[in-house]
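*Asks:* Chains as they are written, first to last, in this note's numbering: chain A, 1 to 456; chain B, 457 to 912.
Calculated directly from the structure, the hints in this document are not laboratory data. For every residue, glycine included, the Cβ atom is placed at its ideal position computed from N, Cα and C. Warning: the hint list may mix true and false statements.
Here are the simulated distance ranges between beta carbons [what the hints assert, rightly or not]:
| # | chain 1 | residue 1 | chain 2 | residue 2 | range |
| --- | --- | --- | --- | --- | --- |
| 1 | B | Ser524 | A | Asp89 | 40 to 46 Å |
| 2 | A | Arg10 | B | Glu490 | 41 to 47 Å |
| 3 | A | Ala430 | B | Arg756 | 32 to 38 Å |
| 4 | B | Ala724 | A | Val434 | 31 to 37 Å |
| 5 | A | Gly305 | B | Asp760 | 39 to 45 Å |
| 6 | B | Asp883 | A | Gln283 | 50 to 56 Å |
| 7 | A | Gln397 | B | Asp527 | 30 to 36 Å |
| 8 | B | Met675 | A | Asp71 | 25 to 31 Å |
| 9 | B | Ala898 | A | Leu410 | 54 to 60 Å |
| 10 | B | Glu894 | A | Ala425 | 41 to 47 Å |
| 11 | B | Glu528 | A | Arg450 | 58 to 64 Å |
| 12 | B | Gln874 | A | Glu34 | 53 to 59 Å |
| 13 | A | Gly85 | B | Met675 | 56 to 62 Å |
Number of protein chains: 2
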Amino acid sequence: MIEGSKEGARLSGLATDLYQLTMAAAYLANERHERASFELFVRRLPEQRSYLVVAGLEQALSYLRNLSFSDEEIEYLRGLQVFAGISPDFFEYLRNFQFTGEVWAMAEGTVAFAGEPLLRVTAPMTEAQIVETYLLATINFQTLIATKAARIVEAARGRGVIEFGARRCHGFEAAIYAARAAYIGGCIGTSNVEAGKMFDLPVFGTAAHSFTMAFDNEMDAFRAYFRTFPESTTLLLDTYDTIEAARMATQFGPALRGVRLDSGDMTALSIEVRRILDASGMQGTKIMASGDLDEFKIARMLSDGARIDLFGVGTELSTSRDAPALGGVYKLVEVDYNHRHDPKMKMSRDKATYPMRKQVWRHSSSDETFASDTIAIEDEDHSPAEPLLKRVMSNGQLIDRLPGLNESRLRAAEQTAQLPARFKALDNPAVYPVAYSEKLEATRRALLERLAHSTV
Amino acid sequence: MIEGSKEGARLSGLATDLYQLTMAAAYLANERHERASFELFVRRLPEQRSYLVVAGLEQALSYLRNLSFSDEEIEYLRGLQVFAGISPDFFEYLRNFQFTGEVWAMAEGTVAFAGEPLLRVTAPMTEAQIVETYLLATINFQTLIATKAARIVEAARGRGVIEFGARRCHGFEAAIYAARAAYIGGCIGTSNVEAGKMFDLPVFGTAAHSFTMAFDNEMDAFRAYFRTFPESTTLLLDTYDTIEAARMATQFGPALRGVRLDSGDMTALSIEVRRILDASGMQGTKIMASGDLDEFKIARMLSDGARIDLFGVGTELSTSRDAPALGGVYKLVEVDYNHRHDPKMKMSRDKATYPMRKQVWRHSSSDETFASDTIAIEDEDHSPAEPLLKRVMSNGQLIDRLPGLNESRLRAAEQTAQLPARFKALDNPAVYPVAYSEKLEATRRALLERLAHSTV
Numbered sequence: 001m002i003e004g005s006k007e008g009a010r011l012s013g014l015a016t017d018l019y020q021l022t023m024a025a026a027y028l029a030n031e032r033h034e035r036a037s038f039e040l041f042v043r044r045l046p047e048q049r050s051y052l053v054v055a056g057l058e059q060a061l062s063y064l065r066n067l068s069f070s071d072e073e074i075e076y077l078r079g080l081q082v083f084a085g086i087s088p089d090f091f092e093y094l095r096n097f098q099f100t101g102e103v104w105a106m107a108e109g110t111v112a113f114a115g116e117p118l119l120r121v122t123a124p125m126t127e128a129q130i131v132e133t134y135l136l137a138t139i140n141f142q143t144l145i146a147t148k149a150a151r152i153v154e155a156a157r158g159r160g161v162i163e164f165g166a167r168r169c170h171g172f173e174a175a176i177y178a179a180r181a182a183y184i185g186g187c188i189g190t191s192n193v194e195a196g197k198m199f200d201l202p203v204f205g206t207a208a209h210s211f212t213m214a215f216d217n218e219m220d221a222f223r224a225y226f227r228t229f230p231e232s233t234t235l236l237l238d239t240y241d242t243i244e245a246a247r248m249a250t251q252f253g254p255a256l257r258g259v260r261l262d263s264g265d266m267t268a269l270s271i272e273v274r275r276i277l278d279a280s281g282m283q284g285t286k287i288m289a290s291g292d293l294d295e296f297k298i299a300r301m302l303s304d305g306a307r308i309d310l311f312g313v314g315t316e317l318s319t320s321r322d323a324p325a326l327g328g329v330y331k332l333v334e335v336d337y338n339h340r341h342d343p344k345m346k347m348s349r350d351k352a353t354y355p356m357r358k359q360v361w362r363h364s365s366s367d368e369t370f371a372s373d374t375i376a377i378e379d380e381d382h383s384p385a386e387p388l389l390k391r392v393m394s395n396g397q398l399i400d401r402l403p404g405l406n407e408s409r410l411r412a413a414e415q416t417a418q419l420p421a422r423f424k425a426l427d428n429p430a431v432y433p434v435a436y437s438e439k440l441e442a443t444r445r446a447l448l449e450r451l452a453h454s455t456v
Numbered sequence: 457m458i459e460g461s462k463e464g465a466r467l468s469g470l471a472t473d474l475y476q477l478t479m480a481a482a483y484l485a486n487e488r489h490e491r492a493s494f495e496l497f498v499r500r501l502p503e504q505r506s507y508l509v510v511a512g513l514e515q516a517l518s519y520l521r522n523l524s525f526s527d528e529e530i531e532y533l534r535g536l537q538v539f540a541g542i543s544p545d546f547f548e549y550l551r552n553f554q555f556t557g558e559v560w561a562m563a564e565g566t567v568a569f570a571g572e573p574l575l576r577v578t579a580p581m582t583e584a585q586i587v588e589t590y591l592l593a594t595i596n597f598q599t600l601i602a603t604k605a606a607r608i609v610e611a612a613r614g615r616g617v618i619e620f621g622a623r624r625c626h627g628f629e630a631a632i633y634a635a636r637a638a639y640i641g642g643c644i645g646t647s648n649v650e651a652g653k654m655f656d657l658p659v660f661g662t663a664a665h666s667f668t669m670a671f672d673n674e675m676d677a678f679r680a681y682f683r684t685f686p687e688s689t690t691l692l693l694d695t696y697d698t699i700e701a702a703r704m705a706t707q708f709g710p711a712l713r714g715v716r717l718d719s720g721d722m723t724a725l726s727i728e729v730r731r732i733l734d735a736s737g738m739q740g741t742k743i744m745a746s747g748d749l750d751e752f753k754i755a756r757m758l759s760d761g762a763r764i765d766l767f768g769v770g771t772e773l774s775t776s777r778d779a780p781a782l783g784g785v786y787k788l789v790e791v792d793y794n795h796r797h798d799p800k801m802k803m804s805r806d807k808a809t810y811p812m813r814k815q816v817w818r819h820s821s822s823d824e825t826f827a828s829d830t831i832a833i834e835d836e837d838h839s840p841a842e843p844l845l846k847r848v849m850s851n852g853q854l855i856d857r858l859p860g861l862n863e864s865r866l867r868a869a870e871q872t873a874q875l876p877a878r879f880k881a882l883d884n885p886a887v888y889p890v891a892y893s894e895k896l897e898a899t900r901r902a903l904l905e906r907l908a909h910s911t912v
């Protein structure tokens, strides 16, 4: 359905902000062809978030491999007022454009923290600049959702969480990638069929209130559905009266796969529905809950003794409603200029950055849990700590097969398990220790001093 | 770049929740072929929102016209466990599937309120059900962003607002439709080039900090950019020192189109920068502000005397960050069953609905401002009030050409202008009066009574 999501499909070079293209034109016009390095990182984690689960790398790399400018797109640019006086060389450059750079990145499913580069691009200045917007939109969004999913899955304490939010997503493409990212973050599947097909995710579905309402009475609706799906029916109980509907459900016996609660006091209802089902020998019939759930409600229900086996989570998960934007940025850290490696940093008071190409090293405790991270200059060695950024693309080509989605999901599960509990508290989690290396701090101080003298 | 956005491109029937397809299968298996009516409405407006600006109808109707199931998609469904025992008739039905229904809707740009149907689908039960998820994702999202844009544009009191948020959107398709919806809501354009091309929106761009940083000093960067774009350069001033950079900018004289402030105390900075520019005869050089702006910050800056001509608004606008999900729902209101029109409603305590196909009537005051709305049964006549729902699709085909984007944007501007100021306050706006008609209330009471007797 969406071209860009298929391997090999062309992706438009126009999928960017205009200033990326005007800057590219200015670099070319001023013969600035040198290579530059940009790092993508999140300055501050959103409120209540104490870690990130990285996601979206596969789509980011697919974009870099398939990016080009069609004749029609170039004609469009040529017609824009801003490009009226520009040299034809610029359009010729775009016609031959392909991404030729190198990318280092954390694998999807990696647990990461504020300030840590999740991805680094080294490429000719123009290329590195043009790709900024799409890379940010992709990594910001999927990381946002994988992170939220990990919190919800943590709160569900082993019970399955299913992504249910397509209808409230920011359009249907957002729904597809929300389902993907939620799966990496630990969900067991999604209600989104297109996402299921595209990424081979388990898909789940029950029935809606409208189905019950379409029949003259509830029992007729239940019978009609069960007759059609004798082995996989989950009956929705709350269209009229949940407890009454649960009693009707017992007529189907142990073959009934499940029931769903979608409103009311779900803790109390789940206990009573469980009792009704069990009294009919339906111990195997699962109870699913849905309806504006989030990690806090799930944690409370479970600690109150709710008898719920599965959670369907929509809006709160699929839009990360309490923190719906991840502030990832993409900052210039180095320019290879006249055969020098020039470290670069932004000095604006509230948005200053760290210069140089970096590596993130993760130190573990003797019990294999994560202890702290060091952000260092790329050529430092902090072993036996583990370096998290790997080279994934060279000369615009993938270096290795990317991990499959199940591998990324497993990595997220392992990584979050290695994160000590105090960093995973739903409320006011502790801040995981991340420090810059001494060498990086010293380099930065020297550069600050140099810039202070040269620019004013 | 995105197939679904092009007229006539096929849209996948899998772009839905699994339960829509299982319900469709159950309807077919139980020979329930009757027509049903569903209405899409927003139960409660998000916090701080007092009205909606409807958007997304064009994409919703394009989806309905181009929806089908390919052989590959049908094979995928056939392979799912849940459909293992289903009759082949279901797959044959999908193979021939097209949407044949009727749609009534509010035009894009219409101001609407909680409880009001924004769109109604009447179609054979299975068709009406399958399309729910995509319609909701589309209308919810674009209406969310158009509404947020209208608030921000209101706060900017006539100054231009440009949509800048692609990098924080929920993926790049979300960015494209955010730009479209923001334009309907009153923005003057976007930084998103792909959206600009797709919808013929004005595109805007300046330069990034990285551009300045890529040169040995700031003045070199400014010169390089200005040389390339002598007629359309907006210099970014805050990479090192904003006031110092403003002084450098005066070297380019009145030909300099604009400057941009992106951090710091922008009210104070804008006043000082304005003074510096004016002292060099650069009264025509515009000052743009950007950097985590929202309607409240903009209102405060302007009331504090900021000298800003243009606002670039990103994350807060393009993700509607303070209220990132619109809770639009799609509810069954009538089934044409055995030659009867059966009104339908949901009774769950906290989610009860109103039955019957409806019309929304808008009453205006003598000064042409909006006074109140009435939600009535479709055949009631409340003229001279204006009926807001029009029939836009019949037998799956558009009835008329849809309004162009500029027409929708103009409608939004006119409608918000007709909304009295007390309903547009940024903080604690008054609640616009919307009532159900007496006839609708009476019909609902009668149905409630009937259901109370029949279902238990």
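*Asks:* Report the numbers of all earlier hints that the structure fails to satisfy, in ascending order.
*Replies:* 5, 8, 10, 13
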